[in-house]
Amino acid sequence: MTQRARNWLLIAPSGALLLVMLVLPLSFVFVFSFGERGPSGGYVPAFTLEQYANLPARWTAFKNTLILAPLGTLAALLIAYPLAYQLAVRTDPKWKTLLLVLVIVPFWTSILIRSYAWIYILGGQGLPALLGSIGIENVRLIYTPFAVTIGIIYGYLPLMVFPIYVALDRLDMRLLEASGDLGARPMTTFLRVTLPLSVPGVATGCMLVFILLMGEFLIPALLGGGKVFFVGNALVDLFLQSRNWAYGSAVAFTLIVIMLITVTIYMRLIARLQTGREDVAVM
Amino acid sequence: MGGCLTSDAADMKYDRGVLNDMSAAVAELRHVSKRFGDVEAARDLNLSVASGEFLSFLGPSGCGKTTALRMLAGFETPSEGEVLIDGQVVNTLEPFRRPVNMVFQSYALFPHLSVFDNVAYGLRQRRPRLSRAEIAEKVSRTLEVVRLGDFGARRIWEMSGGQQQRVALARAIVNEPKLLLLDEPLAALDRKLRKAMQIELQDLQRQLGITFILVTHDQEEALSLSDRICVMRNGRIVQIGTPRELYDAPASRYVADFVGSSNFLEGRIGRITGARADFTGVSRHSFSGQAGPGIEEGATGTLSLRPEQINISRSQLDGGHPVTVQNRIFLGEHTEYVVRHDEIGTFIVLASRRAEDREPPLDAGTQAYIAWNPDAALILRAD
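Quick note, the sequences are listed as chains A and B, same order. When you line the first sequence up against our numbering, it's residues 146 to 428, in that order. When you line the second sequence up against our numbering, it's residues 266 to 648, in that order.
So that you can see chain A by itself, here it is in the shape it has in the complex (with noise of 0.2 Å):
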């Protein structure tokens, strides 16, 4: 058998799996977008640009999504990268597996039966009766974007925390030595040393924790409350519920239009942020 043989042999079952899985899919919701719903739901074959044109009635599902990705991604690297930084540089290596499994054990539970615990925990006999009882009265936490958030925190940190704690576990610590050595403070060598060369790390985890969360539904169904939606809740409704396939098509063509422009950006401002670095590694 040829070396090329070979290769298409090994990349086969993969290739065949996507385009089964993946672009056949995405070419229906393709033209399924430009259609018309049926008298009954589903979909009936046309070219219309209607949906395109009725995609503003879903505008709040878009900047809801738009806005709380974004943020979500950013409160979670705020909070995963000083967690991994411990776990990675200052940890005992005899700990460090233990931690480590500690930071996944929530996947342990299913992530509906995890974001219910919150419901309580920020519901009315929650957290804002522990806060009323200290006199700060009426606080209003679940079914607010604040909810929507921790929920995403809580729910992605583990995604964050590993990509960053690889890049930091990776970094040579004679680096941070030779920078101490040249003089500098310790908080100069992690601005200057230990962040730029974390940055692979730090850009693998944002990439794959704002790629899911820009499709994600049941956090905002749960802690959203149906008050802050995501575009993908309006997909469960246009999909399940209206059997509006027509739009819903155009709906989510335009969510994934909107994630290849902004993850493209975020990949050229990455790789410019490298510039000359032999080993880029974004994903």
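Keep in mind that the hints are not guaranteed to be accurate.
Said to hold, decoys possible - Derived Cβ-Cβ restraints for the label pairs, each shown as a range:
#1 A:246 with B:514: 42 to 50 Å
#2 B:418 with A:171: 43 to 51 Å
#3 A:215 with B:391: 34 to 42 Å
If you're looking for bench data, these hints aren't it; they were derived computationally from the structure. Using N, Cα and C, we set each Cβ at its ideal position, and we do this for glycine too.
Fit chain B to the known structure of chain A by using the hints.
Quick look at chain B alone, frame taken from chain A:
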């Protein structure tokens, strides 16, 4: 005595008075010990390094030489004793506050910065700030010194091992430290490049007048570069001296073995009279030799004999021992013989090419005689 503190390193090399002058000490270790948990990495180190001196810590891995260096840099805090730099106790002073720079074993260059930015790193930490022009000027001047004038814009990973080594040097010396610490800086280079860099290092040290402290396990490197060598073993300093002193008058078998190579005979120390001692080998043969420091009559000891101090000939020599030539190795300027005495054992003999003018080289299997001047034999305590 302070008056002879010139920047001329060549003069200083032979002026032991200056080297021992405590007031000129740039760095000092006073009864310094360092423990990591149960492991004692350094024990009761005492050392004074004079300004402008090139000192080496020599020893096998794990002997504590790197720990000593790291305590001077500030990466480790001594468990006991005092570390002084410029007459001030700096035991707990953070590395970034010390007027000391280090060249790391693996260079530890910043991969995300250009050659220029690596070298400028230390200058940019200075307060009050240096101007952009000043930094550029100092960096390019230093890059010239290490012969990397045109490489400022290069990325670290575009440089060869030898070039990276010079960037690491430039990054340290651009700060004009009081003390430059070098942790096995040449270990990663191939033999030829290492030789060339050794010469460069020595030139650089003379040119800059900076005090160098080098850590190495390579005796040849230590011998050729240093004004003084500090031989270490198991966390202790076993001997400090000039390369010549260590070679000619090692204090123990360990030093004789580590600095240069030697023939060793095990046995018992006999009568000691002044600078001379008698020695009886395990083969019952008796020898006379120079008494090493700290030997005691009747104690077990070692007779050390440098291979180049032994004469070898086909004809009987005065006080010669009969041997059989077992092997002859041509080493260019020298010929090495492995010879065997039936009772005393095996000797390595180094004959100069000159000697071959008088007598042609001996073949393996030849019967010959070896002899040496009793002054060349050193009788050392067992260690």
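In this structure, is the beta-carbon distance linking residue 418 of chain B and residue 171 of chain A contained in 43 to 51 Å?
-> holds (45 Å)
Cβ distance range 34 to 42 Å for residue 215 of chain A and residue 391 of chain B, holds or violated = Since residue 215 of chain A and residue 391 of chain B have Cβ atoms about 39 Å apart, the given range 34 to 42 Å holds.
Is 42 to 50 Å right for how far apart the beta carbons of residue 246 of chain A and residue 514 of chain B are?
-> Violated, at about 60 Å.
This entry does not satisfy hint 1, going by the numbered hints stated previously; all others are met.
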